[in-house]
Amino acid sequence: MDTLTNGTKISIQGVTKIFSGKRDEVIALKELSMDVQDGEFIVIVGASGCGKTTLINLVAGFEAPTHGQIILDGQPVTGITPECGMIFQQYALFPWKTVQQNVEFGMKMKRMPQKERQERAARFIDIVGLKGFERSYPHHLSGGMKQRVSIARSLANDPKVLLLDEPFAALDAMTRQVLQEQLVRIYEKHRKTIIFITHSIDEALLLSSRIVVMTARPGRIAQEIVNDLPHPRNADVQLSNRYMELKRTIWDSVQAEVMKSMEVETH
Amino acid sequence: MKIDSTAKSLTISIVSLLIFVTAWELVCRLGFIEPLFMPAPSKILFRAIKMIDNGQLIAHTLASTRRVMVGFMISSLVAIPFGIFLGSSRFFMAVFDPLISLLRPLPSMSWIPLSLLWLGITETQKYSIVFMGSFAPSLLYIIEATKSIDPLLIRAAKNLGASKLDVMREVILPGSLPQIIAGLKVMLGIAWTCIISAELVAAREGLGFMIMNGKEYFQTDTVLLGMVMISITVMIIDVVFRKFERRLLPWTR
Amino acid sequence: MKKTGMLKKSLTLAAALILVFSVCSVHADGKPEKVTVIYGGSSWLGHYPAWVGIEKGLFKKHGLGVLFQNFYASSGRMGSLVAGDLDVAATGSISAIALMASGSKAFQAFGTPDSYATVEGIIAKENIKSIKDLKGKRIAAPFASSAHVLVLDVLEQNGLDPEKDLTLLNLKVNEMPAAMGSGEIDACAAWTPHFNKLLNMPGNHLLVNDTEFSLFKKYKLGPGPDLLVVRKEFAEKYPNTCQAFVKGYFEAVDMLIDEPEECAKVLVKLTSLDMEDQMAVLKDITWIKGDEQKALMVQPGDFVTGMQQLADFLVKHQQIDEAPKVKAWIAEKMVP
Numbered sequence: 001m002d003t004l005t006n007g008t009k010i011s012i013q014g015v016t017k018i019f020s021g022k023r024d025e026v027i028a029l030k031e032l033s034m035d036v037q038d039g040e041f042i043v044i045v046g047a048s049g050c051g052k053t054t055l056i057n058l059v060a061g062f063e064a065p066t067h068g069q070i071i072l073d074g075q076p077v078t079g080i081t082p083e084c085g086m087i088f089q090q091y092a093l094f095p096w097k098t099v100q101q102n103v104e105f106g107m108k109m110k111r112m113p114q115k116e117r118q119e120r121a122a123r124f125i126d127i128v129g130l131k132g133f134e135r136s137y138p139h140h141l142s143g144g145m146k147q148r149v150s151i152a153r154s155l156a157n158d159p160k161v162l163l164l165d166e167p168f169a170a171l172d173a174m175t176r177q178v179l180q181e182q183l184v185r186i187y188e189k190h191r192k193t194i195i196f197i198t199h200s201i202d203e204a205l206l207l208s209s210r211i212v213v214m215t216a217r218p219g220r221i222a223q224e225i226v227n228d229l230p231h232p233r234n235a236d237v238q239l240s241n242r243y244m245e246l247k248r249t250i251w252d253s254v255q256a257e258v259m260k261s262m263e264v265e266t267h
Numbered sequence: 001m002k003i004d005s006t007a008k009s010l011t012i013s014i015v016s017l018l019i020f021v022t023a024w025e026l027v028c029r030l031g032f033i034e035p036l037f038m039p040a041p042s043k044i045l046f047r048a049i050k051m052i053d054n055g056q057l058i059a060h061t062l063a064s065t066r067r068v069m070v071g072f073m074i075s076s077l078v079a080i081p082f083g084i085f086l087g088s089s090r091f092f093m094a095v096f097d098p099l100i101s102l103l104r105p106l107p108s109m110s111w112i113p114l115s116l117l118w119l120g121i122t123e124t125q126k127y128s129i130v131f132m133g134s135f136a137p138s139l140l141y142i143i144e145a146t147k148s149i150d151p152l153l154i155r156a157a158k159n160l161g162a163s164k165l166d167v168m169r170e171v172i173l174p175g176s177l178p179q180i181i182a183g184l185k186v187m188l189g190i191a192w193t194c195i196i197s198a199e200l201v202a203a204r205e206g207l208g209f210m211i212m213n214g215k216e217y218f219q220t221d222t223v224l225l226g227m228v229m230i231s232i233t234v235m236i237i238d239v240v241f242r243k244f245e246r247r248l249l250p251w252t253r
Numbered sequence: 001m002k003k004t005g006m007l008k009k010s011l012t013l014a015a016a017l018i019l020v021f022s023v024c025s026v027h028a029d030g031k032p033e034k035v036t037v038i039y040g041g042s043s044w045l046g047h048y049p050a051w052v053g054i055e056k057g058l059f060k061k062h063g064l065g066v067l068f069q070n071f072y073a074s075s076g077r078m079g080s081l082v083a084g085d086l087d088v089a090a091t092g093s094i095s096a097i098a099l100m101a102s103g104s105k106a107f108q109a110f111g112t113p114d115s116y117a118t119v120e121g122i123i124a125k126e127n128i129k130s131i132k133d134l135k136g137k138r139i140a141a142p143f144a145s146s147a148h149v150l151v152l153d154v155l156e157q158n159g160l161d162p163e164k165d166l167t168l169l170n171l172k173v174n175e176m177p178a179a180m181g182s183g184e185i186d187a188c189a190a191w192t193p194h195f196n197k198l199l200n201m202p203g204n205h206l207l208v209n210d211t212e213f214s215l216f217k218k219y220k221l222g223p224g225p226d227l228l229v230v231r232k233e234f235a236e237k238y239p240n241t242c243q244a245f246v247k248g249y250f251e252a253v254d255m256l257i258d259e260p261e262e263c264a265k266v267l268v269k270l271t272s273l274d275m276e277d278q279m280a281v282l283k284d285i286t287w288i289k290g291d292e293q294k295a296l297m298v299q300p301g302d303f304v305t306g307m308q309q310l311a312d313f314l315v316k317h318q319q320i321d322e323a324p325k326v327k328a329w330i331a332e333k334m335v336p
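Protein chains in written order, with the working numbering: chain D, 1 to 267; chain Y, 1 to 253; chain B, 1 to 336.
Keep in mind that a hint or two might mislead.
Listed next, the in silico SDA-like pairs over lysine to any residue satisfying Cα-Cα at most 20 Å (straight line) [claimed, not checked]:
#1 B:Lys232 with Y:Leu119
#2 Y:Lys50 with B:Glu163
#3 B:Lys105 with Y:Thr220
#4 B:Lys164 with Y:Leu114
#5 Y:Lys185 with B:Lys34
#6 Y:Lys43 with B:Lys172
#7 B:Lys172 with Y:Lys164
#8 B:Lys34 with B:Asp321
#9 B:Lys172 with Y:Gly31
#10 Y:Lys215 with B:Gln243
#11 B:Lys105 with Y:Ser197
#12 B:Lys164 with Y:Ile49
#13 Y:Lys215 with B:His317
#14 Y:Lys50 with B:Val315
#15 Y:Lys50 with B:Ala106
#16 Y:Lys215 with B:Lys34
#17 B:Lys105 with Y:Met38
#18 B:Lys232 with Y:Pro35
#19 Y:Lys164 with D:Val226
#20 D:Lys108 with Y:Gln56
#21 B:Lys172 with Y:Pro35
#22 Y:Lys50 with B:Ala83
#23 Y:Lys164 with D:Ser48
#24 B:Lys164 with Y:Gln56
#25 Y:Lys215 with B:Val266
#26 Y:Lys243 with B:His317
#27 Y:Lys215 with B:Gln318
Pairwise CB distance ranges, derived in the manner of DEER restraints [unchecked claim]:
#28 Y:Leu117 with B:Asp133: 49 to 55 Å
#29 D:Ala173 with Y:Ile19: 56 to 62 Å
#30 Y:Ile49 with D:Ser142: 36 to 42 Å
Source of the hints: derived by calculation from the structure; they are not laboratory data.
Bear in mind that the values here come from a model prediction, so they are computed numbers and not experimental data.
Don't be surprised by glycine CBs; every beta carbon is placed ideally from N, CA and C.
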């Protein structure tokens, strides 16, 4: 296994997040603590509404925790930081920029010289397999291609941590599989620290080095499972016994949470 | 197929225009309407030929067009950055909101006495009327346009390291540009109403002056010719604007 | 035979005379067909007789109620007249000629109440000593007005081209004092009371008044004499009403001549001037009595000839396309 840890990258310490509406408050996360080691590929699985998106938004600095704190490389996260590159389910590409310009965006913000950022962008466009589409505008691309542009845009910006919020949920099954394998290969090659959110157990098993199962309302960690499936991984890994075993364990845990959350809703 | 259908609708438009003009001409020729109240199209045409011949028509049209364009450009150049700034800052929006609310309902004509005192009988005074008439509504259009931006894009830009200024320049401006341009097109029409009212006072050229002077001399054909010229000029500017728009918004093609 | 013939003749004559007299008396004492007349006016001195007639009950004496409708500009007033909203009005003759030129036959002229050549003119900064000095300067005049015509005329007399040699601006008379004060314009053409106000401003002086107008030199006709007009349909339908109006109107003119102070007392309500200024304005006006009207309007019709000249002048200066035959618009029956 290659998940050797070079120290703690992200430390989530007793984080509580409360959203106050007009009439009531929702406790999205309650006293959640978790450490992410450098080079880990964490996949957070949970039923919808369990606060996993809230958690990743806190790490990215889009929102501030009500209590507790998040430490990135020894420094508390106080605002939006380009150190945590976010990939959204809705791609969030700039429609008025070409593929090339989208991928260059982060580097342009860093005031990187034009020539350097053009070359670097070209390299990452190539890595995600979009060579030849540099001059296309996003609305000419398919969903899968858009998400690859988004991944290239994040990678080109060289963040310390990659955050992915259900990035493949809107894609069809075949495209999803291609992208999953592509992401695994990128991870195997670049060893970025990754936090990935999904509600698909298969996706979690295929991608992760560690799986975190979250409970619903208030969001807490129900279970952590180290995914020891061997690398390099591809779709074939789904046929192994170890895969089935892990899947069952996670499913039991997730199912219990889903049942609980349904009970809450029927109250 | 597509060319066919556009050619077809163009034909229909031309035919309907011809029928309308012919009916108008007939009604006038048969004496149903006194020429003082509505001159025949042919009379307007003769007036046009006469005024093209002595150079007045072109001079009036160019004078008004120049005034509209200068006033409108200055207004847009100020309103676009300011509107984007206000659209992305709750604090400054709150600061300027009362002032904008006070300015907005003022018709451009109400600025004529003050502008004459401040700027005198100058071209700048004419530009200022167009500016005052179009600035506040343009600003509101632009602020509204900035609200149409997907907040996710702003979030993504910040996540990629964009500063507040970067967000305005790289995200809010291009993102709201289609709506801004649509708004400015409407504003251009309003700018024309401003210049016509500005030219009613202390002017010696321009389509507004031409209409006013025609009215003073009961030359209804001159009045109508002035109105037709405004329509034609706005139509031409609209076509130019559309070309410009396509260049400015390549991603919408 | 001869005698009886004579008798018969004289009888017939007598009968005819009686008939004529009775017709005349019916005409003279004939009740107005319509007892209200809507008059279009403004605070301009040309409307003083109508105002005095109303305030002093001179129209009432003839069984008429006259309603005074205010219109700032002659063109708007004339437009309303031909549209049927007014029955009678007084107007600047430029507007009337322009309306004649447009081909509208819906109105007719029947008199001219006043002459005011010394309270209209061009006022300039002191450094402008003559018309020739206007070269390269900015001059304002209300376009399509008598003052505008005066400017065009005196410029022509001095060989200046209003398009090339100077800047001629369209400005309302009430905006001129401010524009002169701020130095926006170097000269302006205006009429009373703004004319007097401009003259009293330090640094201004009178360059020319209407007596310098080319037609005034020949015909004693100013650039925009006031004209009484009636809606043609109204005149044809209600001749008695019109006669009554004319009588009351020229009685008011007489009163303005004979008792200016009495008239000034009611006129201040129209003009918002104080008594002193009002009396000063009245002094500058020459009123034209009812019995002088025939000579001016019909025979020999000097005024009409002058108007015709004015129309030709407007054509020459490209203000109207074609000069109308002014005589065709005179309501001879209504001229007292």
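Going down the list of hints, with the structure as the test:
Restraint check for Lys232 (chain B) and Leu119 (chain Y): the C-alpha separation of about 47 Å exceeds 20 Å, so the hint is violated. Only pairs whose Cα atoms come within 20 Å are accepted, and Lys50 (chain Y) paired with Glu163 (chain B) is accepted, the gap being roughly 18 Å. The hinted pair formed by Lys105 (chain B) and Thr220 (chain Y) meets the criterion: a straight-line CA distance of about 15 Å does not exceed 20 Å. Only pairs whose Cα atoms come within 20 Å are accepted, and Lys164 (chain B) paired with Leu114 (chain Y) is rejected, the gap being roughly 30 Å.
Distance hint between Lys185 (chain Y) and Lys34 (chain B) is unfulfilled; the C-alpha atoms sit about 55 Å from each other, more than 20 Å. A C-alpha spacing of about 30 Å is found between Lys43 (chain Y) and Lys172 (chain B), which places the hinted pair above 20 Å, so the restraint is violated. Of the supplied pair hints, the one linking Lys172 (chain B) and Lys164 (chain Y) is violated, its CA atoms being roughly 52 Å apart against a limit of 20 Å. Proposed proximity of Lys34 (chain B) and Asp321 (chain B) is contradicted: the alpha carbons are some 38 Å apart, above 20 Å.
Note on Lys172 (chain B) and Gly31 (chain Y): the hinted pairing is violated, with a Cα-Cα distance of about 36 Å set against a maximum of 20 Å. Under the criterion of a C-alpha separation no larger than 20 Å, the hint pairing Lys215 (chain Y) with Gln243 (chain B) is inconsistent with the structure, at around 32 Å. Of the supplied pair hints, the one linking Lys105 (chain B) and Ser197 (chain Y) is violated, its CA atoms being roughly 31 Å apart against a limit of 20 Å. The straight-line distance between the Cα atoms of Lys164 (chain B) and Ile49 (chain Y) is roughly 23 Å, outside the 20 Å bound, and the hint therefore fails.
Using a Cα cut-off of 20 Å, the hinted pair Lys215 (chain Y) and His317 (chain B) holds, with the two alpha carbons roughly 17 Å apart. With a C-alpha separation of about 14 Å, the suggested pair Lys50 (chain Y) and Val315 (chain B) falls inside the 20 Å cut-off, and the hint holds. Taken as a hint, the Lys50 (chain Y) and Ala106 (chain B) pair is broken in the structure, with Cα atoms around 27 Å apart against an allowance of 20 Å. At most 20 Å may separate the alpha-carbon atoms for a hinted pair to count; Lys215 (chain Y) and Lys34 (chain B) exceed this at roughly 32 Å.
The suggested pairing of Lys105 (chain B) with Met38 (chain Y) holds, with an alpha-carbon distance near 15 Å, which does not exceed 20 Å. Among the hinted pairs, Lys232 (chain B) with Pro35 (chain Y) is consistent with the structure: their alpha-carbon atoms are about 17 Å apart, no more than 20 Å. Our distance criterion of 20 Å between C-alpha atoms is broken by Lys164 (chain Y) and Val226 (chain D), whose separation comes to about 41 Å. Annotation: proposed proximity of Lys108 (chain D) to Gln56 (chain Y) is violated, straight-line Cα distance about 53 Å (limit 20 Å).
Annotation: proposed proximity of Lys172 (chain B) to Pro35 (chain Y) is violated, straight-line Cα distance about 28 Å (limit 20 Å). A threshold of 20 Å between alpha carbons decides the hint, and for Lys50 (chain Y) with Ala83 (chain B) the separation of about 28 Å lies outside it, so the pair is violated. Taking the CA atoms of Lys164 (chain Y) and Ser48 (chain D), the gap is about 33 Å. The hint is violated against a cut of 20 Å. Of the supplied pair hints, the one linking Lys164 (chain B) and Gln56 (chain Y) holds, its CA atoms being roughly 14 Å apart against a limit of 20 Å.
Taking the CA atoms of Lys215 (chain Y) and Val266 (chain B), the gap is near 34 Å; set against the 20 Å cutoff, the hint is violated. With a C-alpha separation of about 43 Å, the suggested pairing of Lys243 (chain Y) with His317 (chain B) is violated against the 20 Å cut-off. For a cut-off of 20 Å, the pair hint linking Lys215 (chain Y) to Gln318 (chain B) stands: about 15 Å separates their Cα positions. One distance hint, 49 to 55 Å for the beta-carbon pair Leu117 (chain Y) and Asp133 (chain B), is violated here, with the actual separation near 27 Å.
Roughly 60 Å separates the CB atoms of Ala173 (chain D) and Ile19 (chain Y), a value that falls within the hinted 56 to 62 Å. Ile49 (chain Y) and Ser142 (chain D) have their C-beta atoms about 59 Å apart, which leaves the hinted 36 to 42 Å range violated.
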